[in-house]
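Protein chains in written order, with our numbering: chain Y, 1 to 797; chain R, 1001 to 1285; chain D, 2001 to 2162.
Among the clues, some could well be false.
What the hints assert, rightly or not - Taking lysine to aspartate or glutamate pairs in the EDC-like style, the calculated list, with each CA pair at most 20 Å apart, reads:
1) Y/Lys-454 x Y/Asp-400
2) Y/Lys-714 x R/Asp-1151
3) Y/Lys-714 x R/Asp-1067
4) Y/Lys-572 x Y/Glu-666
5) R/Lys-1099 x D/Glu-2126
6) R/Lys-1099 x D/Glu-2130
7) Y/Lys-498 x Y/Asp-400
8) Y/Lys-572 x Y/Asp-543
9) Y/Lys-714 x R/Glu-1162
Since the hints were derived computationally from the structure, they do not count as laboratory data.
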Amino acid sequence: MSNDQPTPDRFNLASQNHVGQSVPRREDDQLLRGQGRYLDDVPIPPQTAHMALVLSPHAHARITSIDVSEALALEGVLEVFTGEDLAGMVKPITAQIELPDYSSNSRDVVAVDEVRFVGEAVAVVVAESQYLAEDGAELVDVDYEVLAAVISLDDATDVDAPQVNPTVPGNVYYDGRFATDAVAEAFAAAAHIVSEEFRSNRVTAVPIEPRGCLAVPEHGDTLVFHSSTQIHHVLRTALAEFLDVAESNLRVVVPDVGGGFGIKAALYPEEFVCAALALRLRRPVKWVQDRYEALLTDVHARDNLYRVEAAVDDDGIVLALRAEIRTNGGAYAALPFGCTLETTGGARMIVGPYRISQYEYTATAVATHTTPTCAYRGVAQPVCFMAIEGIMDRIARRLDLDPADVRLRNMVPTAELPWTNVVGVRYDTGSFVESLEQAMEMADYREFRAEQAKGRLVDGKYRGIGICSFTEVSGTGAPGWRARGLTRLPGFDSGLVKVEPTGKVTAFVSHAHSGQGHFTTFAQVVADELGAPLEDVTIVEGDTGSGPYGTNTFASRSAVTGGGALIRASAKAREKLARIAAAMLEANVEDIEVENGRLHVAGVPSRSLSFADVAETAYAMNTTDLPEGETFGIEATDFYDPPLVTMANATHIAQVAVDAGDGRVEIEGYTVVHDCGRVINPMIVDGQVMGGVAQGIGEALMEELVYDDDGQLKTSTLADYLLPASVDLPNFNIAHIESPSIDTVGGFKGVGEGGVIGAVPAVVNAIGDALADLGVNVNTKPLRPALLSGLIREAGG
Amino acid sequence: MKPPPFSFVAPTSLAGVVEAMAAHGDDARILAGGQSLVPLMNMRLARPDVVVSINRCDELDFVEVTDTHVAIGALVRQIDAERHASIGTECPLLVDALKHVGLPATRNRGTVCGILAHCDPLAELPAVALVLEAELVLTSAGGERRVAAEDFFVTEMTTSIEPGEIISSVEFIRQDPSEHSAFLEITNGGHAWPVGGVALRWAVTDGVCTMAHLAAFGVGSVAQRLTGAENELVGSDLGPEAIATAAIAARSEVDPTGDIHADADYRRHFVGLLLERGLTQGVSS
Amino acid sequence: MTEMHDIEVTVNGRRRQGRVESRRLLIDFLRHDLGLTGAHIGCEQGVCGACTVLLDGRTARSCLHFAVAVDGAEIRTVEDLATPDQLHPIQEMFHQKHALQCGFCTPGFLLTTVEFLEREPDPDEEDIREALMNNVCRCTGYANIVEAVAASAVELRRRGEA
């Protein structure tokens, strides 16, 4: 079922033979054979030195002395550097955020005088092997004067809370406000006010591959920097700026990446240190973190508190919404996004697919002595939708309406799209109502409710069904980043399409892969737009040494920006092929058709040339002259910067059974109907959705980073930070709706984050629904068995 | 992380192992499956100077059924014990528990005795050892001694093993064919350590409970027998009321502390719950 | 003086020798000394299973073994499954069912599947999910891996292989 709006021609592909097909992945062969080359697999030159960090064991302390002599004396240890040493090589790293009411802070890549979270580096050991580097790190003797620390976002702005950073007064990074003109009136007149406080606890991405980097000085002053990153160009520019080296002497190469999920789209002090030390020592330097360090120092996320209230009429229509959003930014604003993504994201996205015209928010990002927070798949949205969708369920309960009906009544009907929401975000196309209705049908929602009406407790289990209908920010371009204060982030991405002398196609795109199948999906796009056989198209990405500059891969943007840029570049290349072919065939260029690697005169298939034939002319490798005015070669570059953001949407429905005795939750059914515009590869889209849902289920039920009152991370191994296992997850029932975007080249929308955005609220709501008859209020996550069991027993269940 | 340096020896006999342990005392640790020890060494939390591997001691790889017991040597892997025909017949409770231990790959290499020596408060087997009246056979340069399970598990990560001693085998009582047993545990997620569990063993004659050995783990620093609950059951008809009374007794005789995975209240609650579930499913089957 | 040991193991059918520190983990010996980088390090605690190899025929956590302690053992890694010309049927099914995304955990899953299907040639979904507890995947949500294992069982039976 697709949107009724006609899709403008310019947004359609020249042909569509591959886009839309579940083309099997060309990445797989190497990976299945164990020949993937991840960071730790990259062959290292002889003389490579290994780096290990000495981490602060205190959340807040002054460094009073560092004695490196014992470490230096250990055979195999080459050097030990302190924060002071590194300060001479790397400027304090700063995220450039331009927002009113924003306080910035910088970070020494290795702490100089003061440490601000457990896990902050205080010294760096360089040795002949990783084993020896760790031995050396143990021998560095650091004396601290322990200082008072503030850990929780509730305490950060207390009058007597210790100041985390001198440039962040009152521990407030950002305090944003917004209000339309008639909120107070709407609340005053409301028949009902439904309010709730939602608390989301801290999580992180946990890609199975930990982070790492390898810095290799090469001839001249060049440094080749391999990093398990999602943002190679952004990293290169930052390395140039903060190390004060020429960007043209830096090359960042992304190896195979074992999962990123946004946390590898941050720039870390270790990367700057590794590069700086390689330049200083004039030898390759390698750093790979272990899982303990990963849990401790990968950027964290979702430590958020939402107080939400809705002014509602007797039909369950939300007339006005108020949100007080508080996010924990941690000790430093991470690069490049700073720590306000969750703050601004939640504030801007909470209205979701609903027609809410009166809205007021305060959105505050606070500093605490904890690990910096930044972007993790979903960024704010799993939480803001946990909030608004939780409000929808509460409206339903208050007014004795069905939760799905309340949503349907509040949704913007598809016929009214394009539509701009109350904070100015445009929804160009979408299927809010359709996705909910279809999901309900697939999940036998009405039948479930009918059965449930007989009683929620059956055979010792409370059963519930939970909905999350949401909009998903994707494909953010420069305007979108500017709106959120990220002025340093370019926004555009680039494609460079080459037809080689032998007629094959190499297409470069300014993205980096971490499991999304770029080498396959981008090839599908190029093949269709250029008119080449799929197997003749090779995608190259993830290397700043080849291919054009871009904003790289995060926030569900690669299909939109990479697809868009490649379509434009492919179109240019196709046009050039056609012009040269027209000349060679003595035809009009308007009569040239391109199909499957050949160009022919319309209606006269025998008058045709292969790409190789045309390329030979273009590369002056035959005796045919190029047409007048035509340049050599067939190489076209183009760029794409999407307008603001591209909004995708979906509905998730989760069915759960909560064991009345032990509080354990089983997911008995899971349905997704999502709309990411034009789908490039349905199989890959489904894979992204399933993986995201799995992370969301984990987040709802078992994942949590727990700090104690002293700021020690209690969950520092995978035995304590629990990831969902095969037995914890259901099968997934997934359907697609395609409402091609009318704002983007190609009509694509992003989908990478949708799975987790929908799953957290759907599961939380399902559990709330299951326990609704008991009067149990479910407004937090994770919902461990102990928590649920306690609530059930407290309620007399 | 990488472990700190150590010396490694792999004697081919129990005598050789014992000699090495005598020479190095507290500075040495036994390496059997390594699935408990090596993670600690990788985190640099365990730092033995000497690692003494028993993996070459074929004489420790045995399962022997005596008149009263099943003896399991120190080198018997968890998976092999789980699949062993005699153990399945004689100690079904042990087999039930083994299915829950660790993950498949750790069960392939980890040993039964290794778990008992490690004495993790959340391990399954110490509770089984209590209930199956196990005896640990400890060998040292000075000879052999036997310690009953109830005297062996002292507190978290601490047994009554003396320096220089190793567990050479463990003996579990043979369950009578007419006995019932059940093993239940609760976890917060598939890969998690359990929150806790119970190992239950009981006998009924002419509708009257004649024996009940019940143990719980996850309710304290070490697995414990639920003697109060046992007393409620023995002599009862094992009907719903008797079971409920036993559950109440079980809850009142444990004194758990809470942690991030489960609070004390839940730990107290699940003991009674699992007791009820185990006894009810056993009674009805 | 660092204590070194000479070891000999059979890896993927070939006898390989090495000289290792006592503390050198098997995963590091395989990856860096023998160049078999298919097994990966994800946690060094035995939870994630990215380091899984077959040790004397059974899946084992190579991050929890010292190379010296497995002297004399037979080890199979993921590199042993395919030939230069052809993928192993299990690999083929993982490909067909889109059972990998970033691929980092995949070698471990493949070896778990080899072990599992040898023992259980005709498993149901519950058996499969139970067996797949041996490995953690963060990308796929497991559903496609379950399908790939089920399809592998069918394919292996069809080809009459063990």
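Status of each hint after checking the structure:
no.: 1; hint: Y/Lys-454 x Y/Asp-400; result: holds, 16 Å
no.: 2; hint: Y/Lys-714 x R/Asp-1151; result: violated, 32 Å
no.: 3; hint: Y/Lys-714 x R/Asp-1067; result: violated, 48 Å
no.: 4; hint: Y/Lys-572 x Y/Glu-666; result: violated, 53 Å
no.: 5; hint: R/Lys-1099 x D/Glu-2126; result: holds, 15 Å
no.: 6; hint: R/Lys-1099 x D/Glu-2130; result: holds, 11 Å
no.: 7; hint: Y/Lys-498 x Y/Asp-400; result: violated, 62 Å
no.: 8; hint: Y/Lys-572 x Y/Asp-543; result: violated, 23 Å
no.: 9; hint: Y/Lys-714 x R/Glu-1162; result: violated, 32 Å
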